[in-house]
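Protein chains: 2
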Amino acid sequence: MSRSLVVALSGGVGGAKLALGLSRALAPKDLLVVANTGDDFEHLGLSISPDIDTLAYVLSGLDNQVMGWGRRDETWSFMETIATLGGESWFRLGDRDLALHVERTRRLKAGETLSQVTRDVCRRLGIAVRVLPMSDDPVRTRVLSDEGWLDFQHYFVRRQCRPVVRELVFEGANQARPQADVVAALANGNVRAVVICPSNPFISIEPILAVPGMRDALAGCGAPVVAVSPIVGGRAVKGPTAKMMQELGLTISAATAAQRYGSLLSGYVVDPADADDVRGLSAAVKTAPTLMTDLATREALARTVLDLADQIAARR
Amino acid sequence: MSRSLVVALSGGVGGAKLALGLSRALAPKDLLVVANTGDDFEHLGLSISPDIDTLAYVLSGLDNQVMGWGRRDETWSFMETIATLGGESWFRLGDRDLALHVERTRRLKAGETLSQVTRDVCRRLGIAVRVLPMSDDPVRTRVLSDEGWLDFQHYFVRRQCRPVVRELVFEGANQARPQADVVAALANGNVRAVVICPSNPFISIEPILAVPGMRDALAGCGAPVVAVSPIVGGRAVKGPTAKMMQELGLTISAATAAQRYGSLLSGYVVDPADADDVRGLSAAVKTAPTLMTDLATREALARTVLDLADQIAARR
Chain U
1 MSRSLVVALS
11 GGVGGAKLAL
21 GLSRALAPKD
31 LLVVANTGDD
41 FEHLGLSISP
51 DIDTLAYVLS
61 GLDNQVMGWG
71 RRDETWSFME
81 TIATLGGESW
91 FRLGDRDLAL
101 HVERTRRLKA
111 GETLSQVTRD
121 VCRRLGIAVR
131 VLPMSDDPVR
141 TRVLSDEGWL
151 DFQHYFVRRQ
161 CRPVVRELVF
171 EGANQARPQA
181 DVVAALANGN
191 VRAVVICPSN
201 PFISIEPILA
211 VPGMRDALAG
221 CGAPVVAVSP
231 IVGGRAVKGP
241 TAKMMQELGL
251 TISAATAAQR
261 YGSLLSGYVV
271 DPADADDVRG
281 LSAAVKTAPT
291 LMTDLATREA
301 LARTVLDLAD
311 QIAARR
Chain E
317 MSRSLVVALS
327 GGVGGAKLAL
337 GLSRALAPKD
347 LLVVANTGDD
357 FEHLGLSISP
367 DIDTLAYVLS
377 GLDNQVMGWG
387 RRDETWSFME
397 TIATLGGESW
407 FRLGDRDLAL
417 HVERTRRLKA
427 GETLSQVTRD
437 VCRRLGIAVR
447 VLPMSDDPVR
457 TRVLSDEGWL
467 DFQHYFVRRQ
477 CRPVVRELVF
487 EGANQARPQA
497 DVVAALANGN
507 VRAVVICPSN
517 PFISIEPILA
527 VPGMRDALAG
537 CGAPVVAVSP
547 IVGGRAVKGP
557 TAKMMQELGL
567 TISAATAAQR
577 YGSLLSGYVV
587 DPADADDVRG
597 LSAAVKTAPT
607 LMTDLATREA
617 LARTVLDLAD
627 QIAARR
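Taken in sequence, the protein lines are chains U and E. Heads up: the first sequence runs through residues 1 to 316, numbered per the numbering used here. Heads up: the second sequence runs through residues 317 to 632, numbered per the numbering used here.
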């Protein structure tokens, strides 16, 4: 019996786009998306999970493609009003988006796990593939910057990534347990490929890998681990990936992203523009257009990634 | 020096309308509105204080006069979305209204009192008069009905007052302390009148009077206590006042409402249509149009109430 399950590790928008491509290339039961929760935070008394939400909105087709984040058909009455009441308005929560945060917060307080809430939300949004958090235990990315320690969203949204990053820590990661169904899926001998989506390595993928047992479970699942480079033509498509590389004293390149995953990586998909950068890597490299501008390019990139994984598996 | 402070006890919309009239008839420093908190509740993880909110919206001119409750210029994206997520949607929370609940919940959890939050919200909404809750301790009205015990909002909103009421209890009232600034204001010898707004006696005013010490503080303040009848022409203007009188075995009349306040009451303003009903009362009765259809009638009724109080005081 051939292996069928694809496990994808995803952060924000770039990751969700590839997850959507994978969801179109695979039967629903054959895709499990593991979401970073290192950028989860508590804001206005609400439990917010930005990467899970991005996955939920992108996979359900509810994402706001004009803004590039949040929900489509959004309204902003809540945000306008909370500002007049003296509440914090630097993290913009649309009225529809807010419903998800309020409902999740209520359920978490009632004792449900983040996994249970995520599963139910995805089901109600009509998402057929599985989306699970990396852990049900709190992990919080914190940034040591030239302005001192910042909670992740304060760095990312409030300060718009302007502070210079010196170090990243994933608070709580040492005590966190990897999500049990993810561990079980990785252990059952049915994994076809692990896909590391083109998310920011430092803040989207490394928090997932920092959960004790997760890296070993991925390495030991018997399937190729294939990443897609978040660097295209020597630049980050979106967000602070390139800026962080520079601030952390690393070369801005597709190779640097691959090196963050070390021996875990068996395959790497990079844009043709970055082919020269990755010649020294031990991972099998495939070049393909990696800019996902529409649904067709997302699905095409997903198929490229799966092909590379299958080629690597066939060679073993 | 003449006494100047008017203390008004208010429940929902009817009470807020008279409070608005009083705010136009008095200097801001001369009005203190005490809000019922017996219908406060926790919903979707949020702390909701319907009567305080109604006062805040009506006194700031932000009330929705088309719906008769909530805020003007309201949108409903949150409510539409939470229903699709399987959340409870029987208590309708507009997107703008929601901002107040989220911000209040956050501040209460951070350790502020309901009084502090109310004061700040009113200030930010541009309300010059003082609005305070009857207590900072939780009091929760519960309804014994032919369907068993119901939390107040489940009876009032979810079941639309349809169950037959057998008994009302104000849970927590025995342990609640009256709001300290209200007690101090009543004790300082400067009270010109206590006004009991035309709110439902059973569920809006009696919870206030049930807070230990409140009734004595009102009775002992040295000023006339004047109520406006919530019954006009033998019927309730709005809400279940008449239905409750009947279900509790009482006559539906303006006199019944006055009798609920017993010896506390020294003056009573009723509609001309109800003059015959109140002949036996010991309180001084004044007839005047009590339907508040616009700002002018609210202010006129306020002046009528103050005149009656001043007449009673002059006779003493």
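To be clear, the hints were calculated from the coordinates, so they are not data collected in a lab. Among these hints, one or two may not hold up.
Unchecked claim - Cβ-to-Cβ under 10 Å is the rule here; a few derived chain E residues that face chain U: (1) Met-395; (2) Gly-402; (3) Trp-406; (4) Asp-413; (5) Arg-420; (6) Arg-422; (7) Arg-440; (8) Ala-444; (9) Val-480; (10) Asn-504.
As the list claims (entries may be wrong) - From chain U, some residues computed to sit far from chain E (all C-beta separations above 10 Å): (11) Gly-86; (12) Gly-94; (13) Glu-171.
Note that beta-carbon positions come from the ideal geometry of N, C-alpha and C, so glycine has one too.
Measuring from the C-beta of Gly-402 of chain E to each C-beta in chain U, is the shortest one below 10 Å? holds, 6 Å
Holds or violated: the hint that Arg-422 of chain E contacts chain U, with Cβ atoms closer than 10 Å. holds, 4 Å
Quick one, is the Val-480 of chain E hint okay against chain U at 10 Å, beta carbons? violated, 31 Å
For Gly-86 of chain U, which was marked as not at the interface, is the minimum beta-carbon distance to chain E over 10 Å? Its Cβ does come within 10 Å of chain E, the nearest being 6 Å, so this is violated.
Against chain U, with CB atoms and a cut of 10 Å, does the hint on Asp-413 of chain E hold up? holds, 8 Å
Against chain U, with CB atoms and a cut of 10 Å, does the hint on Ala-444 of chain E hold up? Status violated, d = 17 Å.
Can you verify the interface hint for Arg-420 of chain E: is its Cβ closer than 10 Å to any Cβ in chain U? holds, 9 Å
With a cut-off of 10 Å, does the beta carbon of Asn-504 of chain E approach a beta carbon of chain U closely enough for the hint to hold? violated, 30 Å
Hint check, Trp-406 of chain E versus chain U [nearest Cβ-Cβ separation less than 10 Å]: violated, 14 Å
Verify this label for me: Gly-94 of chain U is non-interface relative to chain E, using a Cβ-Cβ cutoff of 10 Å. With a cut-off of 10 Å, Gly-94 of chain U comes too close to chain E, as the shortest Cβ separation is near 7 Å.
According to the definition I'm using, a residue is off the interface if its beta carbon is farther than 10 Å from all beta carbons of the partner; does Glu-171 of chain U meet that for chain E? holds, 21 Å
Satisfaction of the Met-395 of chain E interface hint, Cβ to chain U closer than 10 Å: holds, 8 Å
Hints 3, 8, 9, 10, 11 and 12 from the list above are not met by this structure, while the remaining hints are.
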